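The listed protein sequences derive, respectively, from chains P and D. Okay, so the first sequence: first residue is 1 according to my numbering, each after it adds one. Okay, so the second sequence: first residue is 775 according to my numbering, each after it adds one.
Do not rely on the hints blindly, as some may be mistaken.
What the simulated footprint calls covered on chain P by chain D, stretch by stretch (three residues with Cβ under 8 Å from a Cβ of chain D suffice, anywhere in the stretch; the number is not a length) [claimed, not checked]:
no., region
1, 55–64
2, 89–97
3, 111–120
4, 321–332
5, 437–449
Hints in this document: simulated from the structure, not taken from any laboratory. Computed from a prediction, not measured in an experiment: that's the story for all the values here. Cβ atoms here follow ideal geometry from the backbone N, Cα and C, with glycine treated the same way.
These are the residues of each chain, in order.
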Amino acid sequence: MKLNRLFQLILDYPKVVLGVTLALTVFFLAQFPKIAIDTDPKHMLPETSPVRQYNDQVERDFALHPDVIVLGIVNPEGIFNVRTLTRVKELTRAIQELPGVISRDVDSLTTVDNITSTEGELVVKPALGTVPQSVAELSVLRKSLLGNPLFVNRFVSRDATTLALFIPIEPSVNGKEIADKIRSLLPKNSGGDKFYLAGDPVARDTFGTEMFRQMALFSPIAGMIMCVALWFMFRNATVIIANMTVAMISIIWSMGGLIALGYPVHIMSSMSPVFLMAIATDAVHIFNEFAFRLREGKDKRTAISETMKVVGPPVFYSDVTTAVGFAALATGAIVPLKIFGLVIGFGTLVVLVMSYTLVPAVLMLIPETHILKMAQTHGKGSNEGPSWLSHLGKFCVTRTKPILLAGFVLFVVAVAGLGQIRVNNNMVHWFKRGSVVRTADRVMNEHLGGTSTAYLVIQAKDEGAIGKPALLREIEGLQRELEKDPLVGKTVSVADYIKRVNQVLHDDNPAFDRVPDSEREVGQYLFLLQSAAKPRHLDNVVDFSAKTANIILQLKSWDAGVMKKVIARANAFLKEHPLPEGAQVKPAGIAYFNMVWNHEVLWGMLTSFLWGLVLVLALLVFETRSFLWGCVSFLPLLFTIALIYGVVGLIGKDFDMPVAVLSTLALGMAVDFAIHFVSRFQQRYREYPDLKEALIWTVARPGKGIFLNAILFALGFAVMGFSALTAYITVGILMAAIMILSSVMSVIYLPSLIVVFRRRLCGAEHLSQEREPR
Amino acid sequence: MKYLGFGLVFASLLSVSGMELGSAYAADTVGGSTVMKEMLLAYYYPQKDAKSEVFMRIVNRQGQRRERRLTRLRLDKTDGGEQFYYIYFHEPADVQGMSFLVLKRPGRDDDRWLYIPSIDLVKRIATSDKRTSFAGSDFTYEDVSGRDLDEDEHELLGEEVLGEYSTFLVKSTPKRSADVEFSYRKLWIDKTTHLPIKVEHYDLKGALYKVYETQEIKTIQGVPTITKAVMKDLGSGHETEITIKAISYDVGLAPDLFQERLLRRPPSQWIRR
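Only chain P is shown next, with the shape it has when bound in the complex (with noise of 0.2 Å):
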């Protein structure tokens, strides 16, 4: 057979394979500095998407900023005070001179005019100007501002304790960055005040540079670990240095692969070293065989080429189900999502080729001396753990029926868990809740209107329309009806601009705070304000020809449900007061980004794991030539999943990005040890044709390869428990979880399966020819 003489090729020249695999890990290794970074979570939808397109007119009609961090100070008692006042005005000055902030954007009580009526006076003034310093002074401006409210909640709280800065910056600059240069400006000796840096780029910028900190630091200590395991394992450095190995070329050649065709690291493809590391695993199974080959007393050539003929198709059909469990991402529309799954399905290929050749090259290079060691380890540890593991084989070939049961009522349990689940994102959750940009978030949102915001833009049919009365009302209309949300803190539109106008200009009678009756007013006013405020911030709600107006809302939470809550309340309330001039509402801002990308990632995400199921299941009928072995091969990989969403459902915890992107690896990594397994099985039943006694034979042998990679898997995500992203945290745990799961699932629960339905499996002893891989 071709591939066979090729494999003995491989053998012969182990020394070329090494050089040739050295020659092309430097060539992709050669890319890496022209590595690029992209952490913003808006790229997750192409720049020709309808929503991204949209999103990025609005902030251009209304010359709106989409990247804003907030700081916030809070003192409780309260910030009219005269060294928190001089402060927030050094600091605003400060912070305008900072490289990368938008300097004359920056919303500050200093930077923004104040109308207010004193005396029958129109008085447009700095909100903060020169710091009061009497007693009598302080609570004349603390009154001041407290009657304004397009000040109330936005820039000041309520109960005085709280006021912020409203900083953009550009586009281009990383919010971090700058998020650290403002933190450096922050007074050591703060007295009563704190201080407190939220928004979206903060958020998101931090993450990103956290995840990868956390990537460099996690994925050593995870190669770590797998290396400590695998010497208690095998006892050879040869082993650790091999499975190591092979797990740095398919993260070299997969990430040099990936940055040389020119795609930046994102998010998602930064999580690909510690995923490839575990798929990495699977050469364990090649020297759990190859060990116990070499304990039978054979010689190293033959236990090799043994060792590949056994273990080679399982190891094979693993391979390819992972790879096509992450590939199955590419059908999704979300790109860096199809960029993920194709690099870590390219690199499981390429830990698969390395199985095939560079593995079985280093065994040959194992110096004989240390042969001999490592089958005697190997063989003194397997003392117990076969005897161990055979007591479990025939426990599990006995207790077919208890056994079938537990698992049936756990699958019910799970499938109950399933209903509770709730699909969500929250970027802020991604932090630890202790988190500094966590408790930023928390502490904004409790005292002020919100730290996310979105849009609702008004579009009229004509110039002009905006300016009418009654068009005017139903927006205020609208904006009250939205407030009735408890998450939504904070509303502004051009209706709460006209109506300040209207009470300043009537000597700050409140039965003027209202939107005026005539188009005349209206205008009149827009054009005073104009003069008066910075022309920016009509600009924010108000289109220069008075057809679309914009209504700014600033949402407590970062839960994509809370956006999808606020769209269905304005469209109930829209479907009783129907909006006079034809005017339309149509959604935008950060907020509603973040619920349509969610969204479609999610679901794309679960489209194509529908879809990656399928394709396992084909896989599987087509590698075990029988459909009912392809179900039975498959069913570990199912009740797995099933459970691990089940109690993902169950606890409450939301099914957001990070426990998505699982379900695909879970796809790919949890049907392996069913593989392996019935793979096993079939051989030795075929050789030794006793079923009870082939089965106890596959638990104790190929079922102890199966726990050392689950082990060795589980390992090396728990660490990413001690991760300080709650994102990470939860990949760790659950992943560890699953290859637990499955691992068990295999080993215990196959066993019974086949035994009760042996006469259907195996009954008409219609197993297939012993087949080589393709």
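We have chain P already, so just place chain D on it with the hints.
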């Protein structure tokens, strides 16, 4: 003037092309102030009074336009000192009749009154902020009525030829930087007419963000007058073009025209509704 003359000789000796001569002028703040003073008088105080018909067009980044048409009456109490302004808006239609009355008093806050016809209200406006937009344009109140010379340090950087104009280049840096949104301005001032040809505004980080450019100067009644100018905001992509459609000097405006009670009944002799 001695310094200035000396500087001129120096400049012509060294350079015909008019390149910057920073070092020669570096310490020459007297020269800078003199140039600025001449500019202020030529630009904001020509003759005793003036009546002008002004057209403004504001264009935003998307190319949307806002247009304003107004009549402006100006009367100087003293040259370079107090001034009266009466500004009456004709267009857009819904603001027709809105008027401002301004008594400019250098060194102090201006007195401003506003008339809002839709509610027939005259309101006094107290403001310490002269950097707000003039009628929604990219010009500020200060750009329109002149910034006090004492607010800035003026430094003559040199001379430059700007198109057809031979200019002095002055750098004006605010004395109290906390009050303004720019760190300094650079002004190119025509040597013969003393009118500003170009003004660059630099933000707090020293980056250029706003540019004023004179596009047309006409001599009217013997007075060189800027009849077309544009202010571009590089940050927002906004720009405003001001055109003087008609202007006449020394028309004989009387101080009693500039009274708040007249805002309700604009003088028909001067303002045709």
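Could you tell me which of the numbered hints above are not met by this structure, giving the numbers in increasing order? Per hint list: 4 and 5 violated.
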